[in-house]
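There are 2 protein chains.
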Amino acid sequence: MDKRTSILQAAEKLFCDLGYEGTSTRQIARESGANMAMINYYFGSKEGVFIEIMTERIKGFRAQLTIIDEDKISPMEKLMKVIEGYADRILSNTAFHKMMHRELSLAQRPEMYEKIKDAVSQNLQVIEHIVTEGIENGHFRQVDVRMLIATIMGTISHVATSPGKVTGNTLDISKPKDRDILKERLIVHLKELAQTFLEPKK
Amino acid sequence: MDKRTSILQAAEKLFCDLGYEGTSTRQIARESGANMAMINYYFGSKEGVFIEIMTERIKGFRAQLTIIDEDKISPMEKLMKVIEGYADRILSNTAFHKMMHRELSLAQRPEMYEKIKDAVSQNLQVIEHIVTEGIENGHFRQVDVRMLIATIMGTISHVATSPGKVTGNTLDISKPKDRDILKERLIVHLKELAQTFLEPKK
DNA sequence: CCTAATTAATCAATCGTTTGATTAATTTTG
DNA sequence: CAAAATTAATCAAACGATTGATTAATTAGG
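Order-wise, the sequence lines are chains A and B.
No gaps in the numbering here: position 96 of the first sequence is 95 in numbering that gives the first Met the number 0, and each next residue is one more.
No gaps in the numbering here: position 2 of the second sequence is 1 in numbering that gives the first Met the number 0, and each next residue is one more.
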């Protein structure tokens, strides 16, 4: 494998597990089998590695959402697809999702912060557009759109970040099998919640 | 002020802003006006300071909830009080809440991790008891209790951790005035959501 | 006077980064 | 084509700075 790539892979794993500050360039070098100097050679700095990882990951984010929004289906069906897509992607990459939120909550490293914030913000706009469309068409009841989105994203995030014992008695999110069960429960719950909540009063 | 106390205060501020690893003992000393050695003199180590801060903060957590649960009111009224209490406490201490979640998501420092996990877990049990009670009494519809709790806590947490521009167009959670507006919107939204969702089918 | 509190100075260890040298591959030139 | 020049990739070693922690000496308080 490419040395540049192996550095990125090792760094991502370490950043996820130990945090950015908690990871040393020596660890990255050791874990990737590369010489320390290669980190600065390819990425300029430790932060450069971090930025490269996040940039790469964020790329795939927006595509999925915009495709859903442009689909020729009802707003409710769009919203259901958004819930599925979000839950799936986040629960399939909990370690990375945690790291992203750590970085967002710390707000050191401004370049990184802005990058993540923009990505989140754009995703949010797509969902907002779907819900607003539903309200205007009379498919949805009039609700606090931003708060509804906070509920959808917050619920998914909460399930993804909670340690096993917190989300269920016996289910452990770190186990792939349990993770899939939780994912399904989460999707079912959120769909039902959204439908109940958005259903126009008769 | 007591030097021990001023160390704790300075450290909490720094840990919140810069993270645990991102804060140096020299910064704590400088900011608190104490000599570096005083940190180890009073708390044994940097981690000792951290543990002391978290322990102190967590103390006040459980009390509020158990009081609500023992109240002689309906499960729905209890749940409304829980939502109010949670939203208020977390939105009034967003910095600390972020730090707590960082620590929980990192899971370095085992002693700290267990402490927070237990605190969260116990809070969860109280809410679970309220909702289960409501279901058994027929006040609530049969729902996925854990997922409902994930929604309540997740929504609050999401509003608390999102950067200003993400939660609203113009509202900025860092401004006390905007924070109060958001808090009110959040409470109204969650109450309505819970009531709609838990209302038994006719 | 003795214990507790506080200080400045220092410790080894580790941090992220840079250096100069070396190798291997590629390009330019006669 | 072959020799010379250039480039990219890699390395061990060392850089100065900073880390958390400790020491031994000094001061303050009951």
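Note that these hints are calculated values from the structure, not bench results.
Here the structure is a predicted model, which means the values were calculated and not measured.
Be careful, since some hints might not be right.
A pair holds if it fits inside one copy or across any two, identical chains being indistinguishable in the list.
What the hints assert, rightly or not - Using 16 Å as the maximum straight-line C-alpha spacing, the simulated EDC-like pairs for lysine to aspartate or glutamate come out as follows:
hint, residue 1, residue 2
1, Lys176, Glu69
2, Lys182, Asp143
3, Lys12, Glu46
4, Lys116, Asp171
Hint check:
Within a single copy, Lys176 and Glu69 get their C-alpha atoms no closer than 33 Å, and across copies no closer than 38 Å, so neither meets the 16 Å cut-off. Only between protomers do Lys182 and Asp143 lie at most 16 Å apart by alpha-carbon distance; the minimum there is 13 Å, versus 26 Å within a single protomer. For the identical chains of this complex, Lys12 and Glu46 are intra-copy neighbours only, at 15 Å inside a copy versus 24 Å across copies, given an alpha-carbon limit of 16 Å. Within a single copy, Lys116 and Asp171 get their C-alpha atoms only as close as 30 Å, which misses the 16 Å cut-off; across copies the closest is 14 Å, which meets it.
In this structure, only the earlier hint numbered 1 is contradicted, and the remaining ones agree with it.
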